[in-house]
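J.: Throw the hints in and build the complete structure from the sequences for me.
2 protein chains.
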Amino acid sequence: MDSTIVGVLGGGQLGRMFAEAASRLNIAVRFLDVGANTPAKQIVSVPNDLPGHVDGSFSDAAQIRALAKKVDVLTVEIEHVDADQLEAVLEEGLVRAVHPSPATIKLIQDKYLQKVHLQDAGLPVVEFSAVDTQNVDAAIDRFGLPLMLKCRTQAYDGRGNFTLRTREQIPEAISALGGGTRPLYAEKWASFEKELAVMVVRSTDGDVRAYTAVETVHENSICHSVYAPLRVPVAGLDKRARDIAERAVATFSGAGIFGVEMFLLPGSVLVINEIAPRPHNSGHYTMEASDTTQFENHLRAVVGMPLGSTALKVPSAAMLNILGLADMDKDKDALAKTLAPAIRSLSVPGTTVHLYGKQGCRIGRKLGHINVVGKSDAAVRERMGVLLDELALAKASAESGAPWNAEAAKKRVVSSPASPVRSADDFSNPSPLVGVIMGSDSDLVVMMAAAQVLKQFDVPFELTIVSAHRTPERMAQYAQSARARGLGAIIAGAGGAAHLPGMVAAQTCLPVIGVPVKGSSLDGVDSLHSIVQMPRGIPVATVAINNSMNAALLAIRILGTSIPSYLDKIEEYMKEMERSVHQKVECLYAQAWDYQVPGK
Amino acid sequence: MDSTIVGVLGGGQLGRMFAEAASRLNIAVRFLDVGANTPAKQIVSVPNDLPGHVDGSFSDAAQIRALAKKVDVLTVEIEHVDADQLEAVLEEGLVRAVHPSPATIKLIQDKYLQKVHLQDAGLPVVEFSAVDTQNVDAAIDRFGLPLMLKCRTQAYDGRGNFTLRTREQIPEAISALGGGTRPLYAEKWASFEKELAVMVVRSTDGDVRAYTAVETVHENSICHSVYAPLRVPVAGLDKRARDIAERAVATFSGAGIFGVEMFLLPGSVLVINEIAPRPHNSGHYTMEASDTTQFENHLRAVVGMPLGSTALKVPSAAMLNILGLADMDKDKDALAKTLAPAIRSLSVPGTTVHLYGKQGCRIGRKLGHINVVGKSDAAVRERMGVLLDELALAKASAESGAPWNAEAAKKRVVSSPASPVRSADDFSNPSPLVGVIMGSDSDLVVMMAAAQVLKQFDVPFELTIVSAHRTPERMAQYAQSARARGLGAIIAGAGGAAHLPGMVAAQTCLPVIGVPVKGSSLDGVDSLHSIVQMPRGIPVATVAINNSMNAALLAIRILGTSIPSYLDKIEEYMKEMERSVHQKVECLYAQAWDYQVPGK
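Chains as they are written, first to last, in the UniProt record's numbering: chain A, 1 to 600; chain B, 1 to 600.
Hints are computed from structural coordinates only; laboratory data are not their basis. Some hints could be false.
Below, a sample of chain A positions facing chain B; criterion: calculated Cβ distance under 10 Å [what the hints assert, rightly or not]: (1) Val46; (2) Pro306; (3) Gly308; (4) Asp458; (5) Ala552; (6) Glu571.
In this text, a Cβ means the ideal position worked out from N, Cα and C, and glycines have one as well.
T.: Structure below.
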C-alpha cells in the first residue's frame, strides 16, 4: 500500500495497537523499546533478511539513531523521549519526517510551557503559574486551597502531582515532587463536574479532525473508564469541546493523533487540562466504536495518507481499563484476579477484550482494556455494570490476599444478569431513551398506559411533569437538552389548549409524540386540534385522544429504526393481538347467545 | 487469559485474521504452512525460547504431527487437509482437541457426501446425484440442461466445477474435471435470484449461533462482494435462512465457525449450496460490523470460551474483495493497479482496508478486502459505488496492460463524489429509508411537499401509489415487506375515509406517519379523524391536514434516532426558520404601514 517504514519510540500497548493498524495496511513498523518481546514487538515478526526492531530505551540517543537508520518516518507512543535527538536525526536527513514534530513533543513535555502556549493561543486553561520551592505560599494566596502542585516534566498517571490541602503540607509536597530538583508549577484547583477528552488527528497539511467528546473517569489519577458519546444536560457542549480541541491541536506542528483532556466546570465552562501528542487511553473506544480507530488515523497522519472518518459508527460505547490489582511477586494469583472482568465480559454481548500480551502483573499496570458497544446508553451502562460488579469483586479478592476462586468466578460467568425490577426507579432511568411528560399530574391517569407499555417492552424511560404554561423555563430546558442527554423520542400529553407537545417540538430536533388528553368539555377535540394542527416546519406525531398506549407503541417503533430488537418485539406483539382475536372468534362461536364480552 | 496454545493448519489470510483475534486475548497460536513469512506468521512473533511455527504443507502428515506436538488444540483455516492424520494425533493424545472434528472435515471435503448428509438431516439442498463418466446422460435426463457437473473433492472458488449446456460438452467436461480420475457428482441447475450466506458458530457443547444472513455476489465463481443485512421483499427470510444454517451446523461434530452458502430460488425457496468448516470470506464483514468477529468467535469456540454475540452493531455493511487484477511477472504494476480501490477507499468514510501482507500478485489472488459500514444501506451503497467505480477503472487499466498512472489515480482520490441529481430516479431510490405512499395520484399535489423536503434533506426515499380500497393486496405486500426491504418509516397520505395509513400500520412494525388530505367536503376533518383515531395497539403518527411537509420533517426526526447527521440538519433548519422570522421583524419595523407580506 505504501512502502514507508515507520519507526516508533516505545513498544508497549499503544505501539501494539498501532502495529495492528499498520499490518492491516501492509505498512512495515519497527519499534525501539527494551526487550525482544514487548507488547508491540510480539505482533510484528520481521523476516530474518530485513532490519529488525531495536532493543533499547526510547530516551537513549544512540538507540534513537539506530532506529532512525532503519526507517523512513519516526513517531512516538510516549512523549517522554529524547526530543533533541529526534531533531538531530531529522536535520541530518536520517529520516524523512518525525511526527509530531520534535518541537511539539518538547513543548508538550513541559506542562507549564504547554499551558503558556495554549493560553497565548487564546485557548481556555485552568489558571496556573510557575512556582519554585520558595514561593508556593504566594501561589496559595493567589489561587486558594486546595492547590495542585505539579512537576513540569515527566509527570503522568498522577505521578508528579501533589494536592496541597493546607499550607503545612508544603514541605511534604516539595519533597514528594523531587525535593527542589525538578521544576514545578501550580494550578488552581478545578472543581470539575466531569472530565472530558477529545481525540484529534492532524494531517501533514495541518487539517484537524476531532472525534466525538467522551466522558473520562479517573481513579487515583489513572484512567479508569470512558463513555462515548458525552451526555450532559447542555445543548451543543459536544461541539464546543470538539472545537476547542481542534483549535488546540491546530496550534502544534507535525502530524499525528493528539489526546486533549478537559474539565467541565460549573456553568458549562470548558478548560483544557492537558494534551498528549500520541494515541491516548481515552481513545481506545474508537477500536470498536468509530469509523476509523485512533491508531489507524495516527498511522495515516504520520505517513501522509488521507485522514479517516472520525464518526461514531455505533450509538453508544464505553471502555474499561484492566489495571493490575495486585503484585505478582506477592500474590501468585494477581493476574487471574486482574483478568476476571475480562473473562466475565466474554459472556456480555457487545464487549471486545484487548489484552496487551504483558507477562507480569503489578498494581495499576495497564494490562488491557475492554471495549463495550451497544444500541443505547442504557444497554452500554447495563453491560458496563456487569463488568464493574466483577471488577469490585476482583478488587476485594485482591485486597483480601485470598487465593483466586476460579470456580466461583466461572459460576458468575454463567449466571444471567438480574432481571430489572418494577419500581419507582423505572420512572427515572439514568439513561432514558424516551421522555414521558405531561402538563399536570391530573394527566397521569391517561399517561400511565404509556409508562406501562414502555416498561413491558423494556424501554428505558423517564416520566415527569413539565407544564408549558406554568413552567415555561423548565419546558425549554427539558426540550433543549433532550438530545444532549441521549433521549430518542419524547411523548407529551396535554389537554384543552394543549400547547406542551408543540412547544417542546419547537425546541428540540427529536421526534415528539403528542397525546391529546380529553378534558371536561369538547370531548378532547380541543386537545386533538391543538396538538395536530401544527404549522409547517414543526411536526408533532399525534395519536388518538387519551391513547397514550399508542404513543408508547409509536415511540418503540421509532426506536426500532436504530434498535432492531424493538421491531421484533412489535412484530411479536402484533401477532399476539391477532391470536387474541382468533381466540375470541372461537369463543363467540362456542358461546353464541351466551357470549360474555371479557371485562364487562 | 487462557494458556491453551492453538495450532492452525494453514497460515494464509484467514489464519492472519485469526491470529489478530488470538493476540487480543493473549492466546498463543502456531501455524503450519509453507514458508517463514506467510500472512499469518508475519503477525505472530514467537520468542526464541519457545517452539515456533512449522514450515510445511497443511496436508503433510509428518508436519501435522510436528505442529500437534507443539500445541494443545488444532484447528484449520482450510478444509483440504489430511483429516486422517488429524484423527490420528487426536487418538494418540498429542492434542487435547481438534476443531471442527476430523469427521466433520472429512464429510465436508466430499461435497457429495456433504449433500447426502444434509439431505438425510431434512435440510433443503439442490437436487443432486452421484455420477460417473458413463452415466452423465442419465443425470441430464433427470435434471435437464444446463447441468452442474462437480468434482466431489478439492473443489473451491469455481475450480472443479463445469456447467454442461449441451450433451455434446460431456467429453469436454469430463476431461476438464480430471478425465475420470476424480469422483464426480451432478447438481440440478439452480436459477437463483440471489446468493446468500450465513456464518454460524458452534461451541464445544453444540450450541449454535447464526450471524445475520448476507447477500453474496460472485464473479467467475469467486466471492466478489457481500452485503449485510440481507434485503429482500420477503418478510422473515433472514430468520428462515438463519434457522436453516443453524440446523445444518448443528448436525456436525466439533466446534468452530462455519460458512453456510445458500441459494434463494424463485418463490422464496432457500436451499443450501455448500458449507465451509472454517472462517469464510462471506464473514469478513463481521470485523467492523458485528459485536464479535467471525475470527474471535472461531477462537472462542475452539478453546472452549463462551461464544460472543453475533449481532450486527451497525445498521448496514458491505465487503469488497481485493483480487489480483494482473500477474506480476507480466505486469510490474500489477499490485499497484490491484490496490487502487483500497487506496481510494481511504478517502471514503466508513471503510476499513484489510491487506494480507502477500508479496506477489496474480490474477484472482485474494490480496485483501475492504469493509464498508454506514448508517443506512443507501450510505453503504454510495460508498461501495465509489469503490466499484475505482475497481472498474483498475480492471480496465490492468486489461489494457498500460503502465499504472498513479497521478490520475491520486486526482480521483481528491475529487469529491458527484452530487446527487434531482431526477425521476429520486422517486425510487434502490435503498430507500422512507416510503411515501398515497391512495391516489390526486393526492400528489399535497404529498409532493414531503418528497421535496426529503430531497432537500438528502434522505433516500421512494414515492408511489398504494390504494387501500382499490389495491388491498398491493398494500399488504408493501406493508409486510417494508422492514425486510430496509425502510425506516412510511408516510401515507389519504383523504375522506382515509384508511391507508391505519391499514399499513396494521401490517408493518415500522412507524407510519399519516397525512390527512382535505377532500371536497368536511374540510379534511373526516380524513384527520379517520387517521388519528386508531384503536389501541396500532398507532399512526398523524400530522396536520394537508401538511405533508411536516410528515417528511417528522420522518427525518425519526431517522435521526439512528442517523445523528439528520438531527444536525433539523437543528440547522430550525435555526434558519428562527433567523427568517427575525428578518421579518426587521422588515416589518422598517416598512411599517407599507409592509408587504412576502408572496402575497
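J.: If a hint holds in the structure, say so; if it doesn't, say that too.
T.: Taking the hints in turn, this is what the structure says about them:
no.: 1; hint: Val46; result: 8 Å, holds
no.: 2; hint: Pro306; result: 5 Å, holds
no.: 3; hint: Gly308; result: 7 Å, holds
no.: 4; hint: Asp458; result: 16 Å, violated
no.: 5; hint: Ala552; result: 8 Å, holds
no.: 6; hint: Glu571; result: 5 Å, holds
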